[in-house]
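Undergrad: Using the sequences plus the hints, can you model the full thing?
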Amino acid sequence: MKAIFKKELRNYFLTPIGYIFMSAFFALSALYFVQGMVYYQVASVAYILSPLNMICLFIVPVITMQLFAEEKNKKTDQLLLTAPVNVSEIVLGKYFAALAVFLISLAVTFIFPFIFFAISKPILSEVIGSYIGFILVWSVFIAIGVFISSCTESQVVSAILTFIVLFVLYSWDSLTSGVSVVWIKNILDWFSVLKRFEDFQIGLLNLPNIVYYVSVVFATLFLTARNIEKRRFN
Amino acid sequence: METVIEIKDLVKKYGENEAVKGISFEINRGEVVGFLGPNGAGKSTTMNILTGYISSTSGEAKVCGYSILENPNEVKKRIGYLPEQPPLYFDMTVYEYLSFVYDLKGVQEDKEKHIEEVMATVDIGKVAGRLIKNLSKGYKQRVGLAQALIGSPEVLVLDEPTVGLDPGQIIEIRSVIKKLGEKRTIILSTHILQEVAAICDRVIIINNGKIAAMDTLENLSGVGKGEYLIRVRSSFSNIKDILGNFGRVENMGHTESGTVDVKITTDTDKRADIVKTLAGSGVDVLMLRPVEHTLEEVFIKATGLAETEASE
Chain A
977 MKAIFKKELR
987 NYFLTPIGYI
997 FMSAFFALSA
1007 LYFVQGMVYY
1017 QVASVAYILS
1027 PLNMICLFIV
1037 PVITMQLFAE
1047 EKNKKTDQLL
1057 LTAPVNVSEI
1067 VLGKYFAALA
1077 VFLISLAVTF
1087 IFPFIFFAIS
1097 KPILSEVIGS
1107 YIGFILVWSV
1117 FIAIGVFISS
1127 CTESQVVSAI
1137 LTFIVLFVLY
1147 SWDSLTSGVS
1157 VVWIKNILDW
1167 FSVLKRFEDF
1177 QIGLLNLPNI
1187 VYYVSVVFAT
1197 LFLTARNIEK
1207 RRFN
Chain B
6 METVIEIKDL
16 VKKYGENEAV
26 KGISFEINRG
36 EVVGFLGPNG
46 AGKSTTMNIL
56 TGYISSTSGE
66 AKVCGYSILE
76 NPNEVKKRIG
86 YLPEQPPLYF
96 DMTVYEYLSF
106 VYDLKGVQED
116 KEKHIEEVMA
126 TVDIGKVAGR
136 LIKNLSKGYK
146 QRVGLAQALI
156 GSPEVLVLDE
166 PTVGLDPGQI
176 IEIRSVIKKL
186 GEKRTIILST
196 HILQEVAAIC
206 DRVIIINNGK
216 IAAMDTLENL
226 SGVGKGEYLI
236 RVRSSFSNIK
246 DILGNFGRVE
256 NMGHTESGTV
266 DVKITTDTDK
276 RADIVKTLAG
286 SGVDVLMLRP
296 VEHTLEEVFI
306 KATGLAETEA
316 SE
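So the sequence lines, in the order shown, correspond to chains A and B. Just so it is clear: in the first sequence, position 4 is 980 by the working numbering, and no numbers are missing. Just so it is clear: in the second sequence, position 288 is 293 by the working numbering, and no numbers are missing.
In short, the hints are calculated from the structure, not lab data. Heads up, the beta-carbon is just placed ideally off N, CA and C, and yes, glycines get one too. It is possible that some hints are incorrect.
[To be verified] The calculated lysine to aspartate or glutamate pairs, modelled on EDC-like cross-linking and capped at a C-alpha distance of 16 Å, are:
#1 B/Lys-183 with B/Asp-206
#2 B/Lys-118 with B/Asp-128
#3 A/Lys-1051 with B/Asp-96
#4 A/Lys-982 with B/Glu-101
#5 A/Lys-982 with B/Asp-246
#6 A/Lys-1050 with B/Glu-89
#7 A/Lys-1050 with B/Asp-128
[Said to hold, decoys possible] Some chain A residues flagged as far from chain B (calculated, every beta-carbon gap over 10 Å):
#8 Lys-1050
#9 Leu-1056
#10 Val-1061
#11 Ile-1163
#12 Phe-1198
#13 Phe-1209
TA: Listed below in structure tokens is the structure:
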């Protein structure tokens, strides 16, 4: 797993992908920071991070599209799948590399809370909760991107499909808002990725929410591994 | 001799299409075996199953006693695989790539020394720092071979290692493989007959998903036991009358004046009887030798047989 993680992480910074991702992330978080501070006088991490979830629709497909699709297309998957490693290690290595690019980008935004603390009195639990929630939401989105990349040989198809799925997840609450039957609405709300994020933004570390995100990541990565295994039997 | 590779009743179906139809063979330690067959015969599929890249529909593949289904990682540790298209990452330098393969395979030897040795074996030391995408096809193939050698596997599986190379590169790669074959068990697929003759001890001819012939090169080229070329000082009609009872007699023309070359096909070795009969009839026998088949002839004959079997 370590070898694959290192190779993928290195690959992100050998090609423009890692830099595009990080630049987009920095630029937009800085934009929301300035907008919040100067125009709305809000010293809130949630205010900066929340709109960035929308950006993930565009940049998560970019960092996940090549992970498996390119290996299959260039037939380098023959090296990985004939090496004495388990498929789960390959999947985890790739997933953690993509997650690492995101975490490195996120680490730079740590400067904003420090500025907030210097000039005002933000609530610490909200800051920590927002970051944890944000990491969990993006962990789910990246896992979905990894899974879709394992379904196709084309990076373009992988990126478009990931965008569509993430768009549906991002718009889930608006899409389901018209449902008037209470029990159906409750079920649909249970699936909402972003609704649970709201609890984190107000500093509420709710265990079922954490379990939900971790379970979705685990299930998606499990499906990715099964998908690759299944291909060997076709 | 110890059996290293054991394939038993291997079947691979892609939907309705059966790519491999119950292949069985064994390969002993130290052998260099050529897997010969036309394109689409099932060579790559068999190799992909053996190396664990794809799974068989039924049957068994074992390497050093380990089943690819039950102990895939034990099998993979013992195999170095060069697929038809070398699995190279073009944005890496040769050294970075081999270093990645070393880490991926979890090799326990001294890393730097091991990679240096592998690079020396396939003679790529001078391009170690170059990006793979900038290398010639011949060098890319060598790097592919080097990755198969990382971890010093006892079995090498090489799928068409010389395809797409120029004649000079082909000779170089062949000599590298021949050198590797001194210490390892190698299974090498190709559809180039000369390659088998140049490198392999034994040949498995596969056609239409079935084994059409499997033997040493000497035995295969002697498939025509019972076929003899005779040069006699006589006429063809006379010889046909004299030898007609032994088997089929064919006129092969003449190369010396006053003589005729005749090919006779018999069921068993009847050379002594033929010479006695000719001498008894007062015919001068100037030459008698068995007809040796070229590998091309063996291949055509074997694959032709397979097609007949398939249609039955």
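Undergrad: Looking back at the hints listed earlier, which ones does the structure fail to meet?
TA: Hints 5, 7, 8, 9, 10, 13 are the ones this structure does not satisfy, whereas the remaining hints hold.
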